[in-house]
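Peer 1: Going down the list, the protein sequences come from chains A and B.
Each residue of the first sequence is one higher than the one before, counting from 0 in numbering that gives the first Met the number 0.
Each residue of the second sequence is one higher than the one before, counting from 0 in numbering that gives the first Met the number 0.
These are calculated hints, taken from the structure and not from any lab test.
All values reported here derive from a predicted model rather than from experimental measurement.
From the three backbone atoms N, C-alpha and C, an ideal C-beta is built for every residue, glycine too.
Worth double-checking, as some hints may not be accurate.
Derived pair list, reagent style SDA-like, types lysine to any residue, alpha-carbon separation capped at 25 Å [said to hold, decoys possible]:
(1) LYS125(B) x THR223(A)
(2) LYS32(B) x ARG118(A)
(3) LYS125(B) x TYR114(A)
(4) LYS130(B) x LEU16(B)
(5) LYS125(B) x PRO210(A)
(6) LYS125(B) x PHE42(A)
(7) LYS130(B) x GLU213(A)
(8) LYS125(B) x PRO234(A)
(9) LYS130(B) x GLY91(B)
(10) LYS267(A) x ARG118(A)
Covered stretches of chain B (in silico footprint by chain A; criterion: 3 or more residues with CB under 8 Å from a CB of chain A, positions within the stretch not fixed) [unchecked claim]:
(11) 64 to 70
(12) 74 to 84
(13) 99 to 107
(14) 255 to 268
Here is how the chains run, residue by residue.
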Amino acid sequence: MTSAVLVPHSQPSPDEPRVISAPATPGDRIFRGLLRAAGLSVFVIMGLIALFLLLRGSDALRATGWSFFTEQRWRTETHQFGIAAVLPDGLLIAVIALLVSVPVSLTAAVFVSEYAPVRLRGALVSLVDLMAAIPSIVYGLWGFYFLQPRIVGVIRWMALHLGGFLPFLKVRTGDIGTSYTSSTFIAGVIVSLMIIPIVTSLSREVFSQAPQGEREGAYALGSTRWGMVRTVVLPFGRGGMIGAVMLGFGRAMGETIAVALVISPAFKVTGHVLENGANSISALIALRFSESDGLSLSALMAAGLVLFTLTLLVNVLAGLVISRSRSGANTAD
Amino acid sequence: MTTTVPYQPAAAEPELLSGLETRGVSAWFGAHKVLERVSLTMAAGEVTALIGPSGCGKSTYLRILNRMHEMVRGAALAGEVLLDGADVYEAGRRPAEVRRRIGMVFQRPNPFPAMSIADNVASGLKLAGIKTSRDEREYLVETSLRRAGLWNEVSGRLHTPGGALSGGQQQRLCIARSLAVSPDILLMDEPCSALDPTSTRRVEETIAELRGRLTVVIVTHNMQQAQRVSQSCAFFLATHDTPGRIVEAGPTAQLFTDPADPRTADYVNGRFG
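The following block holds chain A by itself, in its conformation from the complex:
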């Protein structure tokens, strides 16, 4: 009971930050170690893949030098090969896939999260997720045997009526049935089916997180539902939407089997998307892998390295966009 008054420090403690120790229990330490190992293994695996591709592809890269990035042809026997055709063509497939899927996905996401009757919502959400789980070979088969014969008519119409003033829609190989099949466009449409569920699912998730308070604020001002969606839900979900689209783009670029099934490989960038003949790096690898060895295998590895780097970049960028947005920031930490 002597401490009722301010006691002068008998030993003035130094006025500087103390070293604070918080020793962890053994259990904590073990658990942390396990988690750290699991987390690091992701980086290790990524690093090993990159290293493997680099080593196996180095022969091809040495053989061609920088022309690997400028050569359109793929003739490994004569050392004339490069990704200047397959890379842009693959990007074109991905862009077409996005053009088709993004409007569909975003409107579907808005519908499921904002308009669908509550009873239907759960069913729709699981249906979309189920759609994402369908193996891509199934999409490929369906696209090739079912979709292609049925949309050739549309493509022919586009080529004949729009090709006149939109040169990239022109088909120069004459007006016969096979001119319109196995094109960049059809490959893009089929790939779009595969990325619709991803983009829909991710953006729906973000939309549904739009704060209730802001939603009610909009309604209380006399807003219609669409007005509320426009002022609250879409701005809130913008970052998530962009991220979802970029993830979809990454997936579209890497999509292999469906593209390989549908296209008839061409090694020339034409820009005429409706014309027979298309390609992508992943389809090239899938189609050529079994018949390759030595330098031609190394060439495929080098092409794979380019695709790996590009998809990695797109995905990292998508992750950055998502985590820096308001909607993503809530989920990131």
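Based on the hints, put chain B in the right spot on chain A.
Peer 2: Below, chain B alone, put in the same frame as chain A:
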């Protein structure tokens, strides 16, 4: 730009004020009844305070007034809400139109965080589909912010995000946003419960200035606040097996100094709740 004359309102608008009245309003969430036959008249141009302990249904009642109640899943109601004598739940009447005339300020400030302060104030116009010229809009933004007592603090940074303001400022921004669509009624659901005392005082000053310009209905837990800002007062009470109902309603001064019901006396004197 040099020839523009500052926008002037058409006239000093001595418009008729609208009152609000409910008749036999009951409410349910699923099978659970939360309000029983609440009839109350909220006089035009006055501030009516709804008081009562937590869970007595006063917030639900407030949300019934501007048709926010029906947005909750499983919510149901009975009775009538009369705005200028017409039932707001009349078949064929759009909720959006009702909500534009009966504005609402929420417990937690909810400005649109990414929008600028000016855009926040004007957002209701856009949402309600009210067309305005640029000058009209600027005039409305300024007068609304002035009426909400926020103008002096933000006039220099109207184009910075509304989400960057302090909690009290955000709440006054929300009041300005509600006033910009010139509602007849303003509902306030515990508008100060998330604010510090200084901001609370500012909001109360704002409410005092609104008196006579429009009809205010405020839910509050704060007895002193009810006494300071309101002219009429209604005391809600629910017990664990009966839904909320009005125990007593009348002029605020009478309710606090000479209540008719002993339960009101107990509550306003802080003996329970």
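Peer 1: All hints are to be evaluated individually against the structure, with a verdict given for each.
Peer 2: Now the hints, each set against the structure:
A C-alpha spacing of about 11 Å is found between LYS125(B) and THR223(A), which places the hinted pair at or below 25 Å, so the restraint holds. With a C-alpha separation of about 23 Å, the suggested pair LYS32(B) and ARG118(A) falls inside the 25 Å cut-off, and the hint holds. Taking the CA atoms of LYS125(B) and TYR114(A), the gap is about 21 Å. The hint holds against a cut of 25 Å. Note on LYS130(B) and LEU16(B): the hinted pairing holds, with a Cα-Cα distance of about 23 Å set against a maximum of 25 Å.
A threshold of 25 Å between alpha carbons decides the hint, and for LYS125(B) with PRO210(A) the separation of about 20 Å falls inside it, so the pair holds. Restraint check for LYS125(B) and PHE42(A): the C-alpha separation of about 49 Å exceeds 25 Å, so the hint is violated. Taking the CA atoms of LYS130(B) and GLU213(A), the gap is near 23 Å; set against the 25 Å cutoff, the hint holds. Proximity of LYS125(B) to PRO234(A) is assessed by CA-CA distance (about 15 Å); at most 25 Å being required, the pair is judged to hold.
Taking the CA atoms of LYS130(B) and GLY91(B), the gap is about 24 Å. The hint holds against a cut of 25 Å. In summary, the hint linking LYS267(A) to ARG118(A) is not supported, as the alpha carbons are separated by about 51 Å, beyond the 25 Å threshold. Only residues whose beta carbon comes within less than 8 Å of a beta carbon in chain A count, and the stretch 64 to 70 of chain B has 3; three or more means the coverage holds. Chain A is given as covering the stretch 74 to 84 of chain B, and this is violated because 0 residues of the stretch bring a CB closer than 8 Å to a CB of that chain, at least three being needed.
Against chain A, the stretch 99 to 107 of chain B contributes 6 residues with a C-beta closer than 8 Å to a partner C-beta. That satisfies the three-residue criterion, and the hint holds. Under the rule that three or more residues need a Cβ within less than 8 Å of chain A, the assignment of the stretch 255 to 268 of chain B is violated, with 0 such residues.
The earlier numbered hints that this structure contradicts are 6, 10, 12 and 14.
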